[in-house]
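Participant: Reconstruct the complex from the two isolated chains, following the hints.
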Amino acid sequence: MKRLFNRITQQTVIAVALCLTLGFSQTAFSSGGGIVTDDETSLGGAARTQPYSPYAQRNFPNLPLWGDTHLHTAISFDAGAFGARLLPPDAYRFAKGEEVVSSTGQPVKLSRPLDFLVVADHSDNMGFFPKLQEGAPYVMANEKGRKWHEMIEAGGQEGVKAAAEIIGAFSQGKFPEDLQALPGSSIYRSTWDDIINAAEGANDPGHFTAFIGYEWTSLVKGNNLHRVVMYRDDADRARLMEPYTATPPLGSQNPVDLWKWMAAYEKKTAGQVLAIAHNGNLSNGIMFPESEAFGKKIGKEYVETRARWEPLYEVTQIKGDGEAHPFLSPNDEFADYGTWAIGNLDLSVLKKNEMLRFEYARSALQTGLRLEDKLGTNPYQFGMIGSTDSHTALATAEEDNFFGKHSGGEPNKDRYKHPMAKIGDLEYKGYSPLASGWAAVWAEENTRASIFDAMQRKETYATTGSRMIVRFFGGWEFDSKDANTRLPAKVGYAKGVPMGGNLSVAPKGAVAPTFLVAALKDSIGGNLDRIQIIKGWVDAQGKMHEKVYDVAWSDNRKQNANGKLPSVGNTVDVASATWTNTIGATELITVWKDPDFDMKENAFYYARVIEIPTPRWTAYDAKYFEVNMPEEVPMTTTERAYTSPIWYKPT
Amino acid sequence: MIKINVYKLIREPLLHFLVIGAALFFLFSQVGGPEIETDNRIVITQADLDRLADVWLRRTGRPPSSQDRERQLDQLIRDQVLYREALVMGLDKDDVIVRRRLSQKMEYLFKNLGSVTEPTETELNAFLAENASKFTIPAKISFRHIYLNPDSRGQGIYVSARKLLTQLQDPAGVTDVVSKSDRTLLAYDYSEKKENEIASLFGDAFSKQIFSLPVGSWQGPIDSVYGVHLVYIKSHNMPRLPQLSLIRERVSSKWKAEKHRKTGDVFYQSLLQRYEIVLDDNIINNAMVGAEQ
Chain A
1 MKRLFNRITQ QTVIAVALCL TLGFSQTAFS SGGGIVTDDE TSLGGAARTQ
51 PYSPYAQRNF PNLPLWGDTH LHTAISFDAG AFGARLLPPD AYRFAKGEEV
101 VSSTGQPVKL SRPLDFLVVA DHSDNMGFFP KLQEGAPYVM ANEKGRKWHE
151 MIEAGGQEGV KAAAEIIGAF SQGKFPEDLQ ALPGSSIYRS TWDDIINAAE
201 GANDPGHFTA FIGYEWTSLV KGNNLHRVVM YRDDADRARL MEPYTATPPL
251 GSQNPVDLWK WMAAYEKKTA GQVLAIAHNG NLSNGIMFPE SEAFGKKIGK
301 EYVETRARWE PLYEVTQIKG DGEAHPFLSP NDEFADYGTW AIGNLDLSVL
351 KKNEMLRFEY ARSALQTGLR LEDKLGTNPY QFGMIGSTDS HTALATAEED
401 NFFGKHSGGE PNKDRYKHPM AKIGDLEYKG YSPLASGWAA VWAEENTRAS
451 IFDAMQRKET YATTGSRMIV RFFGGWEFDS KDANTRLPAK VGYAKGVPMG
501 GNLSVAPKGA VAPTFLVAAL KDSIGGNLDR IQIIKGWVDA QGKMHEKVYD
551 VAWSDNRKQN ANGKLPSVGN TVDVASATWT NTIGATELIT VWKDPDFDMK
601 ENAFYYARVI EIPTPRWTAY DAKYFEVNMP EEVPMTTTER AYTSPIWYKP
651 T
Chain B
1001 MIKINVYKLI REPLLHFLVI GAALFFLFSQ VGGPEIETDN RIVITQADLD
1051 RLADVWLRRT GRPPSSQDRE RQLDQLIRDQ VLYREALVMG LDKDDVIVRR
1101 RLSQKMEYLF KNLGSVTEPT ETELNAFLAE NASKFTIPAK ISFRHIYLNP
1151 DSRGQGIYVS ARKLLTQLQD PAGVTDVVSK SDRTLLAYDY SEKKENEIAS
1201 LFGDAFSKQI FSLPVGSWQG PIDSVYGVHL VYIKSHNMPR LPQLSLIRER
1251 VSSKWKAEKH RKTGDVFYQS LLQRYEIVLD DNIINNAMVG AEQ
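Sequences listed follow chains A and B, in order. If you read the first sequence in the numbering used here, its first letter stands for residue 1, the second for the next number, and so on. If you read the second sequence in the numbering used here, its first letter stands for residue 1001, the second for the next number, and so on.
Okay, chain B solo, but in the shape it has when bound (with noise of 0.2 Å):
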């Protein structure tokens, strides 16, 4: 049945497909397939017995007998002579399962062409910057915090916050900074942390204040769902596109998968621009009216 589809592969004018047809005809030619339609010959190997053999034995946890070899080949030559019936007779055409059967083949020949070339360092530099948005690495930051608790400290605890915030922009200020803070479960210190990582522990509002605080000081007091904060951002790393050398593989991959589906969609174009599509006037008619309503 592949090679049905490699003839027309090989009518096809582009210079690559018809390289690629005539290896994959070759192939199949030396595999060979039984022969159908130009003659009157089935032909059964051992191989396709053991071939059955083996799927009785993994369905059944027993080899086959004697008796139900010759069922099975018994079998295999009615699938072949029904088979071969069923194509003369045109069973084959407008079937729905045998089509899509075989466009998935088709598919598959798609998936496997263009497959052969590397890219070059210009490409892949060209792919991505096309592409930086997907390999960016985001903003990231790295912060130490103290903690005050709503619940113990009450009212005074914005004006606690402040005075501690004083104590601490001194520059001969605190070293032992966590005994400043009251008890949480939460970690002291963060490194390199995204943005959506910090709202998932302290909530959205203080992820996006932290974001825009500078580095190196004391600052604060900020508002958590858990209670009030001073926070020391250690380093804000901005959003950054690595150098190709770090992460070739990646680009090179998603170069190579885009490649594949351009190439398949080409291929693909190229096939349909020798048919004309007809719709019949009720589609036409109905998608007019779908798209006034």
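Excised from the complex, chain A in its bound form (with noise of 0.2 Å):
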């Protein structure tokens, strides 16, 4: 297998690397979930009646817990196809800190443990992987399956050609019959068994929470509506029902069927899950409809299905950034940032201008409004956080430890120029996967069910592999004293609603939202450059409109005459693939009211922070393999994080 995944790495793919996710999510009290009283401050104005019981005081989370909640390990098929060999016990054990060795043999650490995982494998053909690679009786009965395995047998060449076959039949919805893991069968069930039994052995309340999950793999003809579903529930419940595929006639293509699924697994088990989409930007303009999907209009049980089953996005990780898109956002300095537009996953059609619109969260996010005044609920008033959707096992997004897609990408001098997929004249560069991203979640206390209904009120963001800290309030009442207060997150709980949350009815008298938005630093990452406030709104006539705003910014820089802000540098030093926090500032903090504030016009708020330019892996690569990239090749990155919008809705 080592030869196969050798020639897996040297070889072009003919195919595209999947990405499919199980998840467990952990978290701990000890590494952040603690609760903050507000019983030792003085805050000035900003606390405005104390209730009677001098022990009744608000508590809230005083840091975020960090997670990824998209990560596929060797029982993902084509995870193992592409040489991954790590299992979920592996994954939970490198997400708590430890060091492991990875498939290609490389020890691996994380800087600093995660708080929670969801191992999402995929669930079309969970476990096949395994069962080709043995030999197992049902797999040679198969003319194709007897085929793949010889090939991976020999290995080399044969090896290679054996993994493009595998994943290339199953995007295009020709995998043998015979050799599908499906539902029901033994196969199926004692790899769910499994999955199950290592969230269970790794969750680890109060320090860790391995959430069980899976990724549900829906690919229209190499258009990509996968959804990670991730569950609330122990393994008394979640071993009720076994996951649901995309593959009929067990399984569906279609959300909505996936919607039924999960409505039945909560019926059953009286239990609890959620699903989250990603790459949108691989679908081809149908991850998010406005009028019809399937064949069918979009009404009103579409929009409120998917409300009540879909609250997070996962808006950025390593196969792009899903943000905004600069064809969308031509005044937005900042959105091209890891923008992948070729095509569908498989690239089996191009891009077209016209499918962007229903592919990115900032349109997304308008589109939703537009439905909300048409059908009475927004289908897309969706959180936002970050994953990997790493197909190694090992959750990596730091840009100086990142062990790529699949495990064909683990550190080797050639990965930045071996496509990470190519089909015909078309590729994936290999430099071009994200080094990205973390889930941050707003959670009292690090157990499943703390962040799981954390992540249901949406109190969450998307960081593309730091860990700075962002805050993000709304209210009616902020005023600038707000942002110089100690501790500005009880005077946000008290005046406003955080991030996820949708505005209060306005008081009378009051004629704008008001913002407090801060952020702290990641304590081993770059400075901060600005913190921005995007506004997406409707007008009357239903014309979609959007506005970037700076509102707090390093440096003591000035505007310029158009409300232009200069750049603010950059130190980074490519050889040596160094930066200085020369430039930049360890903590932002403002209070901003929109100044183009209309009553009558529903609208949506998130606040963008950006950090000083840093060396992206490519740098960390090409010094420590000692290589000289082409000029093509982006060497440096400037990390980000978005937070879940905060909703206007006129009364």
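Note that these hints are calculated values from the structure, not bench results. Owing to the predicted nature of the structure, the values given are computational and were not obtained by experimental measurement. For glycine and all other residues, C-beta sits at the position ideal for the given N, C-alpha and C. Possibly wrong hints are sitting among the right ones.
As the list claims (entries may be wrong) - Computed footprint of chain B on chain A, listed as stretches where at least three residues anywhere in the stretch have a Cβ under 8 Å from a Cβ of chain B: (1) 133-144; (2) 171-185; (3) 243-256; (4) 481-493; (5) 586-597.
As the list claims (entries may be wrong) - In the BS3-like style, the derived pairs of lysine-lysine whose C-alpha atoms are separated by at most 25 Å in a straight line are: (6) A:K96 x B:K1254; (7) A:K144 x A:K221; (8) B:K1140 x A:K96.
Facilitator: Okay, here's the thing in structure tokens:
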């Protein structure tokens, strides 16, 4: 298998690495889930009325919990085909901060442990790859199965071809029926048991949360509609039903059917699940539909059901950043970050500009406002998280510690130039994967229940791999003094709603909403360049608008006459893969009032925090392996965070 | 196929394996797979066909038609006939897949050996002592701090810090500690944090330093990646090994896992001893060349 792996990394592969994930998420009381009680601060005008009972004081989380909701292991057939050998227990050990040996034999450890993890292996063909590898009888009984097994046994070039054929067959719906690992079979049952047992074994309430989960991998002719399904529940409930698949007749490619399965699960087990969509950028215009989906008009039922089951969107990950696209946001100088816009997942159909509106988070939030005007419910009122979608069982999102998209992309001197996937003349460049991202959750404690509930209320934000602390509150009465209180969060909760919430009804006399926003740099990361607030709204004619406001920035820079802020500069020395925090700020905080507010127009606001430039993973590769990379390879990055929006609805 | 392996087990001199082997033999003889080699009858049951029909239903979403069922039966018979003939011709010998499959079945048997006994108190205590490092709870501290911002305070920051420290060390000192701090998004109060957790928030140097501070008084100034801090350690719990009674379940499950592994090893070693392993000269020569390099 080592040979197979090596070959895979060396060869052009004619297939697409699918992203499927099961996730375990873990959180720890001790590593950040503590609760601050506001018993010891003087807050000036912030706290308005004290309750009679001196003990009835409001609790709120004082640190976000960090995790990955989307990680694959060798149980995922594509991960296995690309050489992954680590399994869910390894993935948890790694996330908890232990050193492990990667599938390519390299020792690896996180700079800091994660608080939670969702191992999200593909529900389709769950457990198939280990069976193929061992030559299970049912595999050998099938002509293709025997051929693939023998190719993998042969290793080298043959092994590469097998991996490519397997993934290609799945993404075009041509996987042999007899080989499918289907729910109801003993293989499937025992694989699902293994996944659940791994989560139960790693779950350590108060310290690390291991969530049970899987990825539902809908690919409509190569168009990505994937969702991670994660459970609030323990094994006793999760075991009662096997995961839902995307292959008919047992499964379906239509998200509507996944939502039915989720409802059935909750009805049968009295449990709770939620779904997180990802990679709209590879959906070719079908991730966030406005008029119809799967031949059916978008109606009341669709919008209500989607809003019910999908509180979050995975806005950034290894296969591209999905916040904004420069075509849709020509006035946003930071919109073109980690953009992947060649085509759909397997590059079988090329991208057209008219597809983009239905693929990116910002335009989806706008579409959601329009649908709410029309149908009464906003199907795209989602919060933001990032995750890796790594297929290596290693949740790595840091530039200096990036273990790639799949095991073929683990550190080696040529990974930047070997296409991640190639179809005909089209390819995903080897350097294009992003070392991204994390899910930050404002949960009270590090348990399945507490994190899941925070996700349901969307009190989350996404980062591209940095661990900056970001607060974002909206209300009607924040004033500039609130940015100077010693516990900004206390004022935030007292006078407003946190990220993910709806603004309360405007009090009499209020003219515009106000926002308290603050960010603290990652203790080992780059300083902060600026905080922006992004507003989206729909006018009376139904036209969609957006505007990006710089609201706080470093180094006393002055905006020019057009309101544009000069660049923060760049201290990166690419050759040594270093930078200095001599520019930027460690902390930024401000109160901002919407200057263009119209009481009659529904709107959303979210914060985007941008770091100063730092070396990209390619720069660390170039230094470590002593290679010269061509001009076209980006060598710096500007890490960022996206908060969940706060919504305004006219009354 | 398993039955043959079980025969080998019974030949094994180690008594407990013999007992287990006999039990397995009994079990398999009761359940009864299709007889092979001893006669030329192939027995197909309704249960066999129902299982095939069930698989069909899952794959296609409809039950097999009567024609489909006939084909399934034919195929099953064909498989059995060819399988037996292959055994007669010795095609199972030196086949990598057959070999791997059978060795997997043996591994599976290993796993289930020696799984019955519950550890005694003495065994668990001994195991806990031997593996103390795996069960030790790391050191943890609880502390409060005051933060001084270098951007707003500039060069005088350490002077201010020392002055503030003197005030705080006065026994009649300040009660509202937070009001002395500059604004920060960090919390002011931390409970039961491990060294690496503090390090991930404030940086390594800060974390190392505060773990060496005395408990119960204001100390500083101490630098972090964000600025300068005065720190009050409320409690410092040393690393400790919990009583067995508090972690019995974890210790017991690790003990069992270890026991399984050891039993499997012993079993394998006893099997290995029955073979003479012959490595051909080329292998030995190559290994020596490799070692020299």
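Participant: Hint by hint, where does the structure go against what was stated? Just the numbers, ascending.
Facilitator: The structure conflicts with no hint, since it agrees with every one listed earlier.
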